[in-house]
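Just need the whole structure built from these sequences, with the hints factored in.
Protein chains: 2
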Amino acid sequence: MSFESELRAILEKVDGAQAAAIMGFDGIVVADLKSPSFTASYQEIGVEFTRLLKEASKIGQGNDLGGLEEISVTTERFRYVLHVLNPEYFVLLVLSPGASLGKGRYYIKRAAPGIHKEL
Amino acid sequence: MSFESELRAILEKVDGAQAAAIMGFDGIVVADLKSPSFTASYQEIGVEFTRLLKEASKIGQGNDLGGLEEISVTTERFRYVLHVLNPEYFVLLVLSPGASLGKGRYYIKRAAPGIHKEL
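Respectively, the protein sequence lines represent chains A and B. Residue 116 in this note's numbering sits at position 116 of the first sequence, with consecutive numbering throughout. Residue 112 in this note's numbering sits at position 112 of the second sequence, with consecutive numbering throughout.
Keep in mind that the hints are not guaranteed to be accurate.
Which copy is meant is left open, so a pair is good if it fits within one copy or across any two.
Unchecked claim - Once the Cα atoms are required to be at most 27 Å apart in a straight line, the calculated DSS-like pairs of lysine-lysine come out as:
{"no.": "1", "residue 1": "LYS103", "residue 2": "LYS117"}
{"no.": "2", "residue 1": "LYS103", "residue 2": "LYS13"}
{"no.": "3", "residue 1": "LYS13", "residue 2": "LYS58"}
No lab work stands behind these hints: they were computed from the structure. Since the model is a prediction, treat every value here as computed from it, not as a measurement.
Listed below in structure tokens is the structure:
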């Protein structure tokens, strides 16, 4: 499957999913898909979350917490899942506030091996 | 209920919960409980996660994502839920890798109003 098909599979399975992207830790978008209703600049968001992932990775290393696998963030307006694929790439999933984080995490995890294989 | 009773209620309800704490954004522990098997210095972890929460709060403000409510972090060795109570305090819940993040998030959310009232 192409990156886009993998992302589409996630967006279609998770109610309330607004956008999904494969991004590098350098902030560059490898592939992305978004629903027409999603108008935020998630590329900019991605760069900011790259910083968050890097910060969280550092914490893990310093305290022997094991490698970072995933971060979920809930704000008043959005939910995000950031799933680390390898030290260079991650998947970003943007959900609406009522959407199920658990479902989002599940379908990213299911798609991750396929995406990882093509990177 | 006291802070300790609120934390105990969370630890008892969530299988795999190892430690729970009410912390200030200044890194100071207001109240905490941990299982005997939990040996990591979670106070130190708490300080590191305070930094993560502050970083994530900034992202929300800059991009109009709405106020930060919660972050979950999964590493190879632990899972954490950080639930913001108000601009000064948050609840930290530490889970073992197999534990349910969803359950952890649910019981923190249930306890939050009670904790908030006593702060």
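Outcome of the hint check:
Taking identical chains as interchangeable, the C-alpha atoms of LYS103 and LYS117 lie at most 27 Å apart only when both belong to the same chain, with a minimum of 22 Å there against 32 Å between chains. Taking the shortest Cα distances, LYS103 and LYS13 sit within 27 Å of each other both inside one copy (8 Å) and across copies (22 Å). Taking the shortest Cα distances, LYS13 and LYS58 never come within 27 Å of each other, neither inside one copy (32 Å) nor across copies (31 Å).
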